[in-house]
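To convert, take the position in the sequence shown, counting from 1, and add 5; that gives this note's numbering.
Hints listed in this document are in silico derivations from the structure and should not be mistaken for laboratory results. Where is the CB? At the ideal position from N, CA and C, for every residue including glycine. Since no wrong hints were added, every one of them can be taken at face value.
Okay, the calculated beta carbon distance ranges per label pair:
1) ARG39 - ILE17: 17 to 23 angstroms
2) LYS35 - ASN8: 35 to 41 angstroms
3) PRO34 - MET62: 38 to 44 angstroms
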Amino acid sequence: MSNVVHNLHQIIFSVIDALNDDMNNAENPKERDRTSQLISSLDPNFIISTMFLADLMYILK
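Whenever a hint applies, use it, and build me the whole structure from the sequences.
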């Protein structure tokens, strides 16, 4: 697997972890709601599709 694809996978997981931390540690309820909405928009289908497309683009390169 290419370094770029591996980095993209790591970035996706880092963003999800950061959003979870922000949601759990938010002092303002609006911030908690906002991060909760962002996390819910990053559903498993989006994550799998993004990773699949990154892998496919690397293979087809």
